[in-house]
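> So the chains spell out like this:
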Amino acid sequence: MTFLPGDAIRVKDDWPESRGPVHIRTPHYVRGVAGHVKKYLGDFPNPEDLAFGRPALRVPLYHVAFDRTAIWPEHPAKDTLLVEIFEHWLEAA
Amino acid sequence: MRYRAGMDKETARAPHDLGGVSKFMCDAVDTEPHALTDFDKQVDALRGILGAKQVMSVDELRRGIESIPEADYHRLSYYRRWIRSITDNLLRKGVITEAELRAALEVS
Numbered sequence: 001m002t003f004l005p006g007d008a009i010r011v012k013d014d015w016p017e018s019r020g021p022v023h024i025r026t027p028h029y030v031r032g033v034a035g036h037v038k039k040y041l042g043d044f045p046n047p048e049d050l051a052f053g054r055p056a057l058r059v060p061l062y063h064v065a066f067d068r069t070a071i072w073p074e075h076p077a078k079d080t081l082l083v084e085i086f087e088h089w090l091e092a093a
Numbered sequence: 001m002r003y004r005a006g007m008d009k010e011t012a013r014a015p016h017d018l019g020g021v022s023k024f025m026c027d028a029v030d031t032e033p034h035a036l037t038d039f040d041k042q043v044d045a046l047r048g049i050l051g052a053k054q055v056m057s058v059d060e061l062r063r064g065i066e067s068i069p070e071a072d073y074h075r076l077s078y079y080r081r082w083i084r085s086i087t088d089n090l091l092r093k094g095v096i097t098e099a100e101l102r103a104a105l106e107v108s
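Residue numbers (this note's numbering), protein chains in the order written: chain A, 1 to 93; chain B, 1 to 108.
Take these hints with a grain of salt, some might be off.
To be verified - Derived contacts from chain A toward chain B, CB cut-off under 8 Å, selection only: (1) 17; (2) 21; (3) 23; (4) 41; (5) 44; (6) 51; (7) 52; (8) 72.
It is worth saying that the hints were derived from the structure and are not from the lab.
Small disclaimer: the values here were computed from a predicted structure and weren't measured.
We put the CB at the ideal spot given by N, CA and C, even for glycine.
Bound-form chain A, shown alone (with noise of 0.2 Å):
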C-alpha cells in the first residue's frame, strides 16, 4: 500500500483501449483527473490479468474520490464522486 487517506492523487492519462483488447476498470471520465485517496480497502487479484486467465497479482485497491466540477465542469453542484481506483492507475499529485 502506497497511498493514505487524504493523499493527493490524479489517475494516469493512459487508453490501454487503443493498444489492444484489455479489460480495465478505471473508467474513462475520471483519467487524467485529480483527486484524493479515501480509503484503503484491500489487495485483490488484478483485474485486468484475471480477465484473461492470466495468473494475477494482487494489488491494492482504493476509494478515490473527486470533486464532481473536475470531472464535470458545467456541473457546479457541490458533490463527490467516490470511485474504486487499483494503485497502479495512480500516481501523487
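Add chain B to chain A, keeping to what the hints say.
Positioned in the frame of chain A, the structure of chain B alone reads:
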C-alpha cells in the same frame, strides 16, 4: 484529455464504458423490478456452474461482454450479452468446439 459532457472528447473509450457520455444522459433509468425469463435464469445458472467448477471467472465474463462489437452490445439484452461472452470464452478455452456448438443449436 478531460471529458466534458455535451462535448464528448474523442477518447479510446470502450463501448461499454458509458459513464457520463452525453448521449446516454437523456433517458431516465428504469429502476422498476422486471421479471426474468427462463432464458435469463438458465444463463445465470450456467455462469454460476462454470464459476463453481473454475472453468470461467466473472472477470472473463466481463472481458467477453466488453469485446462485443458496439452495435451488437446495444442491441442485445443483458443476458444475451452474457451468453455471447460465455460462448466466446468456452470456444477460446476449447471446452466446446464450433462444430459441437452448431450441432447443439441445430438440435434445439
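> Out of the numbered hints, which ones does the structure contradict?
Those not satisfied are hints 4 and 5.
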